[in-house]
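All chains should be built: construct the whole structure from the sequences, respecting the hints.
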Amino acid sequence: MTPTQPASPDAVVRLSDVQKFYGDYAALRDINLDVQAGEKVIICGPSGSGKSTLIRCLNRLEVHDGGKIVVDGVEMDGDTKNLATIRSEVGMVFQQFNLFPHMTVLDNLILAPMRVRKCTRDEAKDIAMSLLERVRIPEQADKYPSQLSGGQQQRVAIARALCMKPRILLFDEPTSALDPEMISEVLDVMAELASEGMTMICVTHEMGFARKVADTMVFMDKGQIVEKAPTEQFFNTPQSPRTQIFLDQILSH
Amino acid sequence: MLNITRFGLLLTACLLLSGCAESNYTWGWHIVSPFDARGQTNLQFLMNGVFSTISVALVSITCSVILGLLVALPSLSKNKPLLFLSRIYVEVFRAVPMLVLILWVYYGVPVLTGLQLSVFFAGVIALALCDSAFEAEIFRAGLQSIEDGQREAADALGLSYGDKLRFIILPQAVRRVLPPLGNQFVYMLKASSLLSVIGYSELTRRANELVVVEYRPLEIYTLLVLEYLVLILLASWCVRKLEHRLARSDRTATR
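Residue numbers (the working numbering), protein chains in the order written: chain A, 1 to 253; chain B, 1 to 255.
It is worth saying that the hints were derived from the structure and are not from the lab. Hints should not be assumed to be uniformly reliable.
To give an idea of the interface, some chain B residues facing chain A are shown, with a C-beta separation under 7 Å as derived from the structure [said to hold, decoys possible]:
id: 1; residue: H30
id: 2; residue: P97
id: 3; residue: E152
id: 4; residue: A153
id: 5; residue: A156
id: 6; residue: G162
id: 7; residue: D163
DSS-like, lysine-lysine: derived pairs with alpha carbons at most 25 Å apart [what the hints assert, rightly or not]:
id: 8; chain 1: B; residue 1: K80; chain 2: A; residue 2: K81
id: 9; chain 1: B; residue 1: K190; chain 2: B; residue 2: K80
id: 10; chain 1: B; residue 1: K164; chain 2: A; residue 2: K143
id: 11; chain 1: B; residue 1: K78; chain 2: A; residue 2: K81
id: 12; chain 1: B; residue 1: K164; chain 2: B; residue 2: K241
id: 13; chain 1: B; residue 1: K164; chain 2: A; residue 2: K165
id: 14; chain 1: A; residue 1: K81; chain 2: A; residue 2: K118
id: 15; chain 1: B; residue 1: K241; chain 2: A; residue 2: K81
id: 16; chain 1: A; residue 1: K118; chain 2: B; residue 2: K164
No experiment lies behind these values; they were computed from the predicted model shown. Yeah, the Cβ is synthetic: ideal placement off N, Cα and C, and Gly gets one too.
Shown next as structure tokens:
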């Protein structure tokens with residue numbers, strides 16, 4: 001079932017035969033996936049299919065048990081130096097935002113540039129403010145996360161990830177914890193980022209957004225990649241019956 | 001705050017009155033009266049112990065908080081040997097009675113090491129060791145109460161382990177454990193009275209010494225109770241102030 005990958009030398013993310021187990025339970029089986037620079041990949045699938053696990057393996061929030069993960073030319077192994085390199089190149093946006101509640105929005109943004117990138121406070125502040133403008137909430141810089149709406153918090157989280165000037169952005173169900181009326185403001189920001197050429201790997205159930213933004217769709221089930229196809233083909237002529245059933249369910253209402 | 005003070009004073013007054021009613025005891029308050037020459041000297045002698053009580057409690061709580069934090073830190077990792085060591089430490093020092101450890105450190109350590117410890121130093125070691133087991137448990141609960149998402153966000157940003165601890169986990173954990181830490185400080189103020197047995201000249205020791213001279217245990221120990229009451233109410237008040245200040249600058253979790 002797993003489609004074989006054409007060898008592409010300029011892939012920024014390359015997974016080959018990746019395995020992940022929780023005890024006896026196989027969370028990921030034989031995952032092969034290449035992502036090109038600037039490509040937008042959207043991963044969908046039923047819950048428990050391993051989408052989040054897959055994306056969390058890419059910056060080693062989960063440690064894979066077998067196979068090979070190469071991000072931006074660096075192989076992910078136990079080496080902490082490699083890990084630091086990869087993490088500074090890969091930004092992540094979480095379902096629950098995970099902003100630091102004891103810091104203002106601005107401090108949330110400038111912490112990593114100052115500590116990891118060794119920027120001065122003023123440099124970091126300049127970057128942070130320009131990013132807050134980009135996600136359209138510069139006026140919230142001095143507030144605490146709890147004073148913001150969910151949509152605003154998630155936009156701050158996106159800005160925080162961007163502050164490190166990552167080459168790749170990972171989104172783990174970024175709109176699933178949001179009230180319905182706030183989903184579009186977050187998706188708009190993400191679509192804008194996509195149009196600017198950011199490499200994005202995104203787990204989401206927002207199929208309208210996927211159709212508009214994705215270059216490549218990946219459908220996962222039971223820890224395996226069932227289907228990987230260009231967006232139009234994926235939605236119009238899905239090959240696997242499992243993909244067809246999933247799409248019918250998710251698009252029928 | 002005011003209500004507690006009023007209640008405490010009322011309680012003391014009731015105790016004193018009932019004492020008067022039930023026996024033919026003749027009160028000898030003059031021995032600690034500020035309006036009597038001898039009373040003044042005695043009073044001053046007793047009250048001066050407060051500095052020793054406060055200083056030994058402050059130094060001990062500082063040491064025990066640092067020790068407790070160090071012992072609790074392995075709970076963030078999955079390092080089995082470290083976790084085991086920290087567990088053993090807590091179990092041992094939680095099991096030893098404070099008074100016993102005080103005696104052991106003061107009389108035992110010099111024999112073991114040939115090093116003569118001052119009463120202050122011996123007291124600090126014993127109090128800090130005993131208390132650190134409880135501080136460790138408090139910190140462990142605090143550290144583990146920080147959501148996984150906070151750690152993951154720090155990791156994803158590429159923060160080092162030390163930065164993650166310093167900027168993300170500890171500031172949030174400390175805010176959460178401040179009320180129990182305050183309680184421990186109050187407890188430490190009271191526990192310092194145990195140091196009277198090794199001759200550390202704090203409030204209780206001085207009261208004991210004066211009782212031997214004046215044969216007025218009721219008056220002197222009543223005054224001692226009042227001294228601790230005032231001291232501890234003041235300390236609780238300060239701790240609460242600090243909590244309020246942190247609570248104002250703190251914003252609770254984002255969800």
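Checklist entry - Does the alpha-carbon distance linking B:K164 and A:K143 stay inside the 25 Å limit? => result holds (22 Å)
Checklist entry - Close enough to count: is the Cβ of B:H30 nearer than 7 Å to one in chain A? => result Since the shortest Cβ distance to chain A is 56 Å, the answer is violated.
Next on the checklist: Tell me if the straight-line CA distance from A:K118 to B:K164 falls inside 25 Å.
Outcome noted: Satisfied, since the Cα-Cα distance of roughly 15 Å is no more than 25 Å.
Item to check | 25 Å Cα cutoff - pair A:K81, A:K118 | outcome: This hinted pair holds, its Cα atoms lying about 17 Å apart.
Item to check | Supplied contact hint for B:A156, tested at 7 Å Cβ to chain A | outcome: With Cβ-Cβ at 4 Å, under 7 Å, it holds.
Next on the checklist: So, as I understand it, the hint says B:P97 touches chain A; can you test that by seeing if any CB pair is closer than 7 Å?
Outcome noted: The hint is violated - B:P97 has no Cβ within 7 Å of chain A, the shortest such distance being about 38 Å.
Checklist entry - Holds or violated: B:A153 as interface residue toward chain A, Cβ cutoff 7 Å? => result holds (4 Å)
Next on the checklist: Next pair to validate is B:K80 with A:K81; report whether the Cα-Cα distance is within 25 Å.
Outcome noted: Holds, because 24 Å separates the two Cα atoms, which is no more than 25 Å.
Checklist entry - With a cut-off of 7 Å, does the beta carbon of B:E152 approach a beta carbon of chain A closely enough for the hint to hold? => result holds (5 Å)
Checklist entry - Would the pair B:K190 and B:K80 pass a check requiring their Cα atoms to be no farther apart than 25 Å? => result Roughly 36 Å between the alpha carbons, so the hint for B:K190 and B:K80 is violated.
Checklist entry - For the pair supplied as a hint, B:K241 and A:K81, is the alpha-carbon distance within the 25 Å limit? => result violated (44 Å)
Item to check | Interface hint outcome for B:G162 [beta carbon to chain A under 7 Å] | outcome: violated (9 Å)
Checked against the numbered hints listed earlier, the structure breaks hints 1, 2, 6, 9, 12 and 15; every other hint is satisfied.
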